[in-house]
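Given the sequences, and given the hints that come with them, work out the whole structure.
Protein chains: 4
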Amino acid sequence: MRVGVLTGGGDCPGLNAVIRAVVRKGVSTYGYEFVGFRDGWRGPLENVTVPLGVDDVRGILPRGGTILKSSRTNPFKIEGGVERIKENLASNGVDALIAIGGEDTLGVATKLSDLGVNVVGVPKTIDNDLSGTDFTFGFDTAVNIAMEAIDRLHTTAESHHRVLVVEVMGRHAGWIALHAGLAGGANVVLIPEMPFDITKVCEYVEHRFQTNYSPILVVSEGAVPMEGGDMTVQSGELDAFGHVRLGGIGDRLAKEIEDRTGKEARAVVLGHVQRGGTPTAFDRWLATRFGLQAITAVHEKDYGTMVALRGTDIVRVPLIEGTGELKLVQPEQYAEAEVFFG
Amino acid sequence: MRVGVLTGGGDCPGLNAVIRAVVRKGVSTYGYEFVGFRDGWRGPLENVTVPLGVDDVRGILPRGGTILKSSRTNPFKIEGGVERIKENLASNGVDALIAIGGEDTLGVATKLSDLGVNVVGVPKTIDNDLSGTDFTFGFDTAVNIAMEAIDRLHTTAESHHRVLVVEVMGRHAGWIALHAGLAGGANVVLIPEMPFDITKVCEYVEHRFQTNYSPILVVSEGAVPMEGGDMTVQSGELDAFGHVRLGGIGDRLAKEIEDRTGKEARAVVLGHVQRGGTPTAFDRWLATRFGLQAITAVHEKDYGTMVALRGTDIVRVPLIEGTGELKLVQPEQYAEAEVFFG
Amino acid sequence: MRVGVLTGGGDCPGLNAVIRAVVRKGVSTYGYEFVGFRDGWRGPLENVTVPLGVDDVRGILPRGGTILKSSRTNPFKIEGGVERIKENLASNGVDALIAIGGEDTLGVATKLSDLGVNVVGVPKTIDNDLSGTDFTFGFDTAVNIAMEAIDRLHTTAESHHRVLVVEVMGRHAGWIALHAGLAGGANVVLIPEMPFDITKVCEYVEHRFQTNYSPILVVSEGAVPMEGGDMTVQSGELDAFGHVRLGGIGDRLAKEIEDRTGKEARAVVLGHVQRGGTPTAFDRWLATRFGLQAITAVHEKDYGTMVALRGTDIVRVPLIEGTGELKLVQPEQYAEAEVFFG
Amino acid sequence: MRVGVLTGGGDCPGLNAVIRAVVRKGVSTYGYEFVGFRDGWRGPLENVTVPLGVDDVRGILPRGGTILKSSRTNPFKIEGGVERIKENLASNGVDALIAIGGEDTLGVATKLSDLGVNVVGVPKTIDNDLSGTDFTFGFDTAVNIAMEAIDRLHTTAESHHRVLVVEVMGRHAGWIALHAGLAGGANVVLIPEMPFDITKVCEYVEHRFQTNYSPILVVSEGAVPMEGGDMTVQSGELDAFGHVRLGGIGDRLAKEIEDRTGKEARAVVLGHVQRGGTPTAFDRWLATRFGLQAITAVHEKDYGTMVALRGTDIVRVPLIEGTGELKLVQPEQYAEAEVFFG
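Chains as they are written, first to last, in UniProt numbering: chain A, 1 to 342; chain B, 1 to 342; chain C, 1 to 342; chain D, 1 to 342.
Everything labelled a hint here was simulated from the structure, so no lab data went into it. Check the hints yourself; a few may be wrong.
Straight-line C-alpha distance at most 30 angstroms; calculated DSS-like pairs for lysine-lysine [said to hold, decoys possible]: (1) A:77 <-> A:301; (2) C:77 <-> A:263; (3) A:77 <-> C:263; (4) B:77 <-> D:263; (5) D:77 <-> D:327; (6) D:77 <-> B:263; (7) D:111 <-> D:86; (8) C:301 <-> C:111.
A few chain C residues that face chain A, going by a derived Cβ cut-off under 10 angstroms, partial list only [unchecked claim]: (9) 11; (10) 15; (11) 16; (12) 39; (13) 65; (14) 68; (15) 70; (16) 149; (17) 154; (18) 159; (19) 267; (20) 272; (21) 274.
All of these numbers come straight from a predicted model, not from anything done at the bench. Note that beta-carbon positions come from the ideal geometry of N, C-alpha and C, so glycine has one too.
Right, dumping it as structure tokens:
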């Protein structure tokens, strides 16, 4: 039995832990051989492989990133892509494929599964917005990094009568902002699910200063003002990937608050720092268990599934469950934490 | 409405986060007043109180320990203890009590509840061995500290052909050892639930050296050799609390391995370092949500309950559930991880 | 004997350690009393004082920021400012003043000293650009935070074929960029002292990709392109303090590299995260020893001096030495590290 | 030109940074080739070599330990050892040798230099007790780890009315204890240079409890009671290396304090955790600059020297300077910090 492994999408602390667990158990318990495919779906598409044995996964548990590297290649957008993948899997003698990735990567996995490829998925998103699993690995690491940044900013905020805005990841879902804001003791948390009222934000900022404390705001990169809530400060041009390059929401918000309240305001945009580096214990534990469960699923020929966390159990759910709807912050979840905000 | 709050047993990162959440929501949402009792059950027993308002809980979220201090006082072991507690609660005008603690503290809470005291429990144990909740706060912090120590030791083990033994907390349950060992990539994990065979441990150590790697062993403080598995190295005398003072299992194991295999072996006993300091994001999030739920339970007069985590939900269960049986590592949970050991 | 203490300018990890050392030794060794002045020179100017005894400095050693708060108030720019300061010092019975701050704060101290005020200075700048001392406290903390960010980014750079630009503090001097870049293994370090050639930077980026590695660039916030080296991407408008608000050099550089090379590029702007939070051991040791030496200088009536580090000794130098020229990165110091760059 | 490199003695964060700097500059600036010798002096003695090119040192800057591994082999204690080393250096075409290590390793280097071997030394000791250099790399990392442990213990000490003893490294010199104790805000620091009076230590402990604070003591592993100051608690047997195996000074001190004062006391023995793991920025900077200077010394044929830090300069001193006397904590250095103790 030969099993292929690939990682797709943005990197995420814990990817290497999944790969290591898959290979370690696959080799020692089931006697499998492995083929690593490079750069996500580009690997099986262009037949770019790397050796993947026990020695190749030694020492990678604490390392961020992915030894298989990653890309956003989508074979369904490439003429004859699916056929080439099938051919390359066959020519490498690959009987089953473990695909580790987010919405896009697992979306491709789902379609390939429907087309007869033996595939097991491992959900991955640092934003924690995949349905079907309580948590995804990488999220805990990101939240801790953001929380530590907020911890550090508290001392500056206290010493300087200054507004501090922390922009964290989360294009569609506010999980990182909500958890890091709650854990870091932020005063305002703005998330994509709930468009914010800039007037109210500024009122709160002024109120906070009157009680002699400097406010810290946490904002998801995907947070947006309410319709009609006009922000004067506009973002810069978009890049090819749709990201605002000069002046994301964090920078704009800081400037808008400064303009409206006259209080000095500064933004910290954590960016890629949140997704690199060594995973936390929780993420290593979760990623390792995901890997163990994925190779067991292969062994049991339970294809078309993805692994998931439910409570403290690792279970399997149909691949489609992980790629259907995004898991968003619900109003009652935001409301639960709101006692600390505003 | 006046609500009393106390913390009992060993300290644990997250206690202050619970206290803060209770007070913040109690004051702002319900308009309650609070009384802090010092040193666990000694507070209401001897009527030692501290002020507990919004200003008193400011800035404590990231701080380890407990602003209410703690003790192991058990009022049921003191003549007239229960009556004095009831009197002191009455004299302070306390309508309900939130007791934050482990098996012992919640055991007292359960009995007091049966005797008519309005009490809500918040489970606390760094060892994660309380039934009725998926996780307890403080555990994630302890596991991360232990994992970071193991991460550091890997480089020494690799540079020196030396056996390293890490003793972690866990007198009855091996959760910290299992999680930290899995997350840190330990080669052997010994837990109280599964008495170990010293001969096999030493065989593994020698095997590992033959393949040119130095082994790292993680051992719970409560791990014991199998019956008949005689360790030559004996522990030192016990102290008044039943703790071995000179030569716990970590030190003994290192010496025994050195004696048997001739390989240099060293122990690191992490001890109190695991339970102090700032909580991780997970523990702050969990402790904060426990606090919010506890004060809501008081508001709903849902006494005799304790709060608990199930998946990502905070629920309430009867107090007795948290104080019945210990939650131990099950054989299949150990077996899941065993592919990385031995 | 009554001694006043104030902190001016931007906050910096270690300020509280200085204050604590001054007060602890002043009280226990010399029997002095202390007056804390709030918000830098605004304190003695407007007579805003806070109590400053042994109890007030308890537990502040590990805390970032300053319990005395800070501002950029300059009494020489205020009508009658100097007289008011002298009056307020007198009315508080203050015999000597310890001023903790950077170029601006110590510049005021120097002038006041010339006008007969008994003042001792403690140099403070996170940028490490004050003459007369080997290092200033806060710098080591900032470098470690920047280095940890670079460590994290390495894994992302390796997994993604992506250029990462890290903007660190340093408006006039490149010390943080140089030390963090050296310690973090950056591939390019751009500092204010040496205007950069954007064409060469891009050539290096492309060269690096050809050898299959993704480059990490560290850039001081004050770095500028060479004259004639035209960057197409312009910065946004300046704020009242002369800071570029939308699009600092980090963001601009990332975009310019992307435009010129076609490689995806991202910037991380660490900002205030570098100056908050708990100080490193080095900074606590240095700040504490600065404080001890400052109060000894007061005891010896050695006014008009500031404390400084020379090797492992704490010495005193005339105040003017700390406020004369900025200490810049010298060409040979940059050249020493250059073997790792480009 | 071919240059040999070896690392001897205990591992220390920064060893890999030295190796990397030596190789990177040696190859790119001077066009040298390198031979790595394994396991300290055992490498050239038994002709155990490893490849050491630019690719071999890639990514090792942040990693603790040493890719060349280490041992305590002393060729002067082995019949014909020196001749074999000379032969093996010759057979490998090695023109010069860079020896990275402490007193023992550099002692061998000094003698070999006298016997005509072209050798340059790089001083290494985590204890910081080598003469001739302001600091050695690894020390700053160890002090930070110890300080973080003390930070964590403060919260437990405050919550529990409990004495906490932290045993840190330092067999002959108290540098780690002094710096970590000062940076961590310890209440008592006991070092090898100044035998302690157990009666006074216990008096202080009781005094501290009367003022309602729990004491934290930091003790070097090599600290000893004063002559005549009889400790009842005896240490356990010694191991082959002269280390006390069960019951070092930390454990003994905790028990003795508990016996004498009746207060609960606990010891934390940090052990190997202090010497493993990633180096701090200071240690990476220092180790890197040591490496750069060492290869420059080779290029200039300045043999029989070792590199050293003086202020912020890297200089060269005769090898004998680093291996003469130990650098101990001087009474005035201890006295400077003593205002915080007792």
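Here's how the hints hold up against the structure:
1. With a C-alpha separation of about 28 angstroms, the suggested pairing of residue 77 of chain A with residue 301 of chain A holds against the 30 angstroms cut-off.
2. Restraint check for residue 77 of chain C and residue 263 of chain A: the C-alpha separation of about 21 angstroms stays at or below 30 angstroms, so the hint holds.
3. With a C-alpha separation of about 21 angstroms, the suggested pairing of residue 77 of chain A with residue 263 of chain C holds against the 30 angstroms cut-off.
4. Between residue 77 of chain B and residue 263 of chain D the CA atoms are separated by roughly 21 angstroms; this keeps the pair inside 30 angstroms, and the hint holds.
5. Restraint check for residue 77 of chain D and residue 327 of chain D: the C-alpha separation of about 26 angstroms stays at or below 30 angstroms, so the hint holds.
6. Restraint check for residue 77 of chain D and residue 263 of chain B: the C-alpha separation of about 21 angstroms stays at or below 30 angstroms, so the hint holds.
7. A distance of roughly 13 angstroms separates the Cα atoms of residue 111 of chain D and residue 86 of chain D; the hinted pair therefore holds under the 30 angstroms criterion.
8. For the suggested pair residue 301 of chain C and residue 111 of chain C, the alpha carbons sit about 18 angstroms apart, so the restraint of at most 30 angstroms is met.
9. At a threshold of 10 angstroms, the smallest CB-CB gap from residue 11 of chain C to chain A is about 4 angstroms, leaving the interface hint in force.
10. Interface restraint check for residue 15 of chain C: the shortest CB-CB distance to chain A comes to about 8 angstroms, inside 10 angstroms, so the restraint holds.
11. For residue 16 of chain C, the interface hint holds, since its Cβ comes within 10 angstroms of a Cβ in chain A; the closest pair sits about 9 angstroms apart.
12. Contact between residue 39 of chain C and chain A, as hinted, is supported at the beta carbon level, the nearest pair being about 9 angstroms apart and thus within 10 angstroms.
13. Interface hint status for residue 65 of chain C: upheld, as the beta-carbon distance to the closest one in chain A is roughly 3 angstroms, under 10 angstroms.
14. The restraint placing residue 68 of chain C at the interface with chain A holds, with a minimum CB-CB distance near 9 angstroms, inside the 10 angstroms limit.
15. A hinted interface residue such as residue 70 of chain C counts as satisfied when its beta carbon comes closer than 10 angstroms to some beta carbon of chain A; here the least separation is about 5 angstroms, so the hint holds.
16. At about 5 angstroms, the closest approach between the beta carbon of residue 149 of chain C and any beta carbon in chain A falls short of 10 angstroms, and the interface hint on this residue holds.
17. Interface restraint check for residue 154 of chain C: the shortest CB-CB distance to chain A comes to about 7 angstroms, inside 10 angstroms, so the restraint holds.
18. With its C-beta approaching chain A no nearer than about 4 angstroms, residue 159 of chain C sits inside the 10 angstroms limit, and its interface hint holds.
19. Using the Cβ-Cβ criterion of 10 angstroms, the hint placing residue 267 of chain C at the interface with chain A is satisfied: the shortest such distance is roughly 7 angstroms.
20. At its closest, the beta carbon of residue 272 of chain C sits 5 angstroms from a beta carbon of chain A; the interface hint therefore holds under the 10 angstroms criterion.
21. A cut of 10 angstroms between beta carbons decides the hint on residue 274 of chain C: the least distance to chain A is about 8 angstroms, and the hint holds.
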